[in-house]
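Asks: Sequence:
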Amino acid sequence: MESKKHYLIPLSLAQKNRWSKKGTKLHIFNDHTFIAKHLPGGTVCQMCCKPLARRLGKQGYECRDCHVKCHKQCHVRTETTCPHSTIQHLELSQLPVLTE
Numbered sequence: 014m015e016s017k018k019h020y021l022i023p024l025s026l027a028q029k030n031r032w033s034k035k036g037t038k039l040h041i042f043n044d045h046t047f048i049a050k051h052l053p054g055g056t057v058c059q060m061c062c063k064p065l066a067r068r069l070g071k072q073g074y075e076c077r078d079c080h081v082k083c084h085k086q087c088h089v090r091t092e093t094t095c096p097h098s099t100i101q102h103l104e105l106s107q108l109p110v111l112t113e
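All letters in the sequence shown, in the order written, are residues 14 to 113 by this note's numbering.
Derived by calculation from the structure, the hints in this document are not laboratory data. Please note that a few of the clues may not be correct.
Unchecked claim - Simulated restraints on C-beta separations:
#1 92 - 48: 19 to 27 Å
#2 102 - 55: 27 to 35 Å
#3 42 - 62: 14 to 22 Å
#4 100 - 50: 17 to 25 Å
#5 101 - 68: 28 to 36 Å
#6 102 - 68: 19 to 27 Å
#7 92 - 64: 31 to 39 Å
What the hints assert, rightly or not - With a straight-line Cα cutoff of 27 Å, these simulated BS3-like cross-link-like pairs (lysine-lysine) come out:
#8 63 - 38
#9 38 - 50
#10 50 - 82
#11 38 - 71
#12 63 - 82
#13 50 - 85
#14 50 - 63
#15 50 - 71
#16 85 - 63
#17 38 - 82
#18 71 - 85
#19 85 - 38
#20 71 - 82
None of the values given here were measured: they were computed from a predicted structure. Glycine is no exception: its CB is placed at the ideal position from the N, C-alpha and C atoms.
Input sequences plus hints: build the corresponding full structure.
Replies: Pasting the structure below:
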């Protein structure tokens, strides 16, 4: 059985949306393992307490381990570490930082 690929996305690369690798893109901050998700209407960002926009596509991040939900730009505001973190059990591939 082939293992799932996970990619650790550098913040500078995530902000540019210029990568397209197959596999789960992980955004790790304070031991939270955030993934981009489409979140249901009425979801409130747990960092800034503002509602997430209702639109198509993946408009927010959710921690795979503790299920904290937030805007994509707010995940770096997480002050606490994830109490249920599983990062140490993942095999991660680092994507290179793009330079222009």
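Asks: Indicate, hint by hint, whether the structure satisfies it.
Replies: Each hint tested on the structure:
At about 20 Å, the beta-carbon gap between residue 92 and residue 48 stays in the expected band of 19 to 27 Å. Residue 102 and residue 55 have their C-beta atoms about 33 Å apart, which keeps the hinted 27 to 35 Å range intact. Separated by about 18 Å at the C-beta atoms, residue 42 and residue 62 satisfy the suggested range of 14 to 22 Å. A beta carbon spacing of about 18 Å between residue 100 and residue 50 agrees with the range 17 to 25 Å that was offered as a hint.
Here the CB-CB span from residue 101 to residue 68 is close to 35 Å, well matched to the stated 28 to 36 Å. Look at residue 102 against residue 68: about 33 Å separates their beta carbons, and that is not inside 19 to 27 Å. Remark: the range hint 31 to 39 Å for residue 92 to residue 64 is contradicted by a beta-carbon distance near 21 Å. Of the supplied pair hints, the one linking residue 63 and residue 38 holds, its CA atoms being roughly 25 Å apart against a limit of 27 Å.
This hinted pair checks out: residue 38 and residue 50 have alpha carbons roughly 11 Å apart, not beyond 27 Å. Distance check on the hinted pair: residue 50 and residue 82 sit about 9 Å apart at the alpha-carbon level, within 27 Å; holds. In summary, the hint linking residue 38 to residue 71 is supported, as the alpha carbons are separated by about 12 Å, within the 27 Å threshold. Straight-line distance between C-alpha atoms of residue 63 and residue 82 comes to about 11 Å, which keeps the hinted pair within the 27 Å bound.
Pair hint residue 50 plus residue 85 holds up; C-alpha atoms about 10 Å apart against a cutoff of 27 Å. For the hint pairing residue 50 with residue 63, the CA-to-CA distance comes to about 17 Å; that is within 27 Å, so the pair holds. With a C-alpha separation of about 4 Å, the suggested pair residue 50 and residue 71 falls inside the 27 Å cut-off, and the hint holds. For the hint pairing residue 85 with residue 63, the CA-to-CA distance comes to about 13 Å; that is within 27 Å, so the pair holds.
Restraint check for residue 38 and residue 82: the C-alpha separation of about 16 Å stays at or below 27 Å, so the hint holds. Only pairs whose Cα atoms come within 27 Å are accepted, and residue 71 paired with residue 85 is accepted, the gap being roughly 9 Å. A distance of roughly 13 Å separates the Cα atoms of residue 85 and residue 38; the hinted pair therefore holds under the 27 Å criterion. Between residue 71 and residue 82 the alpha-carbon distance is near 12 Å, which keeps this suggested pair within the 27 Å criterion.
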